[in-house]
Amino acid sequence: MKKILFLLTLSAGSFYQGQTNRFTYELQYRKDASEEYRKNMMNLDINPKSVTFYDKTFADYDSINKQAHEAVSRYSTKTDQVIERKPDSFKNKWYRDFFDYFVVETNDEMKWKLLQETQQYNGYTLQKATTDFGGRTWNAWFSNDVNIKEGPYKFRGLPGLIFILEDTDKNFVYKLINNKKLDTYYDTKEFVETHYGKPAIPITNEKFNTYIADIYQNPTRMFSEKIKNGQKATFKNESVESIEELNKKKEMLQKGIKGRYIYIEKDKEPVFKSK
Numbered sequence: 001m002k003k004i005l006f007l008l009t010l011s012a013g014s015f016y017q018g019q020t021n022r023f024t025y026e027l028q029y030r031k032d033a034s035e036e037y038r039k040n041m042m043n044l045d046i047n048p049k050s051v052t053f054y055d056k057t058f059a060d061y062d063s064i065n066k067q068a069h070e071a072v073s074r075y076s077t078k079t080d081q082v083i084e085r086k087p088d089s090f091k092n093k094w095y096r097d098f099f100d101y102f103v104v105e106t107n108d109e110m111k112w113k114l115l116q117e118t119q120q121y122n123g124y125t126l127q128k129a130t131t132d133f134g135g136r137t138w139n140a141w142f143s144n145d146v147n148i149k150e151g152p153y154k155f156r157g158l159p160g161l162i163f164i165l166e167d168t169d170k171n172f173v174y175k176l177i178n179n180k181k182l183d184t185y186y187d188t189k190e191f192v193e194t195h196y197g198k199p200a201i202p203i204t205n206e207k208f209n210t211y212i213a214d215i216y217q218n219p220t221r222m223f224s225e226k227i228k229n230g231q232k233a234t235f236k237n238e239s240v241e242s243i244e245e246l247n248k249k250k251e252m253l254q255k256g257i258k259g260r261y262i263y264i265e266k267d268k269e270p271v272f273k274s275k
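For the record, in the sequence shown the residue sitting at position 15 is 15 according to UniProt numbering, with numbers rising by one throughout.
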């Protein structure tokens, strides 16, 4: 079978010579086995300055915007997995989008256990490794032939590139499906480091969770001022013109807040309490 990577023989050092190497993963994820998988394509960009991981749609829209010379198309993450770090580092900047834009700095060093088990994948021999992270146990399949110690999301530090990653319950499954070398350094500052010019607010995960939980408790307050000022609030193309109508939307809004993301790090997800 034809190998999906054309960078097989390069060393890690030569990967970081001025260009951006992009690895695209298919992500399937769900809350638990009772749900259907959600699917997203994710980019892992590696260049001399940084390693970034983000929803591929950001790059698709960025291409449209660059052709138009303005931000005509905007996108918000569907995965809550927008990450930036320095090469060869476990210290991550985790960019969080929830009405406002935030960044949580984390130190995510992982202890991997290498196993002798192997499998074939698109012409590569992959070796298995396991680790515990984020309240889940993970299996990674990496290639010693591709000397890049990176992988999806915050996962890194193995002797080679991670091709397949999944938790033991298979609620999160990543598969490397494509890669390409970009001719120049790919700048993500419009949609990773900022959200279309909106700077990221530094915050801890605990305060971020409190912020979301507060919105959940009173989800209509951000729209009530608009209505009091004679404006309309719109939900799924339905206009709401009175506070009474707005209050009837509370349950719908809470359901949307609670289900917006499936949190990959179970031990860091917000707790939603009903009054």
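Please keep in mind that the hints were generated in silico from the structure rather than gathered at the bench.
Keep in mind that the hints are not guaranteed to be accurate.
No farther apart than 25 Å at their CA atoms in a straight line, the calculated lysine-lysine pairs in the DSS-like style are these [as the list claims (entries may be wrong)]: (1) K226 to K189; (2) K93 to K181; (3) K91 to K266; (4) K93 to K56; (5) K149 to K111; (6) K149 to K189; (7) K266 to K111; (8) K93 to K249.
For each hint, the structure was consulted:
1. K226 to K189: violated, 31 Å
2. K93 to K181: Roughly 24 Å separates the two Cα atoms, so the pair holds.
3. K91 to K266: Holds, at roughly 19 Å.
4. K93 to K56: holds, 18 Å
5. K149 to K111: holds, 13 Å
6. K149 to K189: Holds. K149 to K189 sits at ~24 Å (cutoff 25 Å).
7. K266 to K111: Holds. K266 to K111 sits at ~18 Å (cutoff 25 Å).
8. K93 to K249: violated, 34 Å
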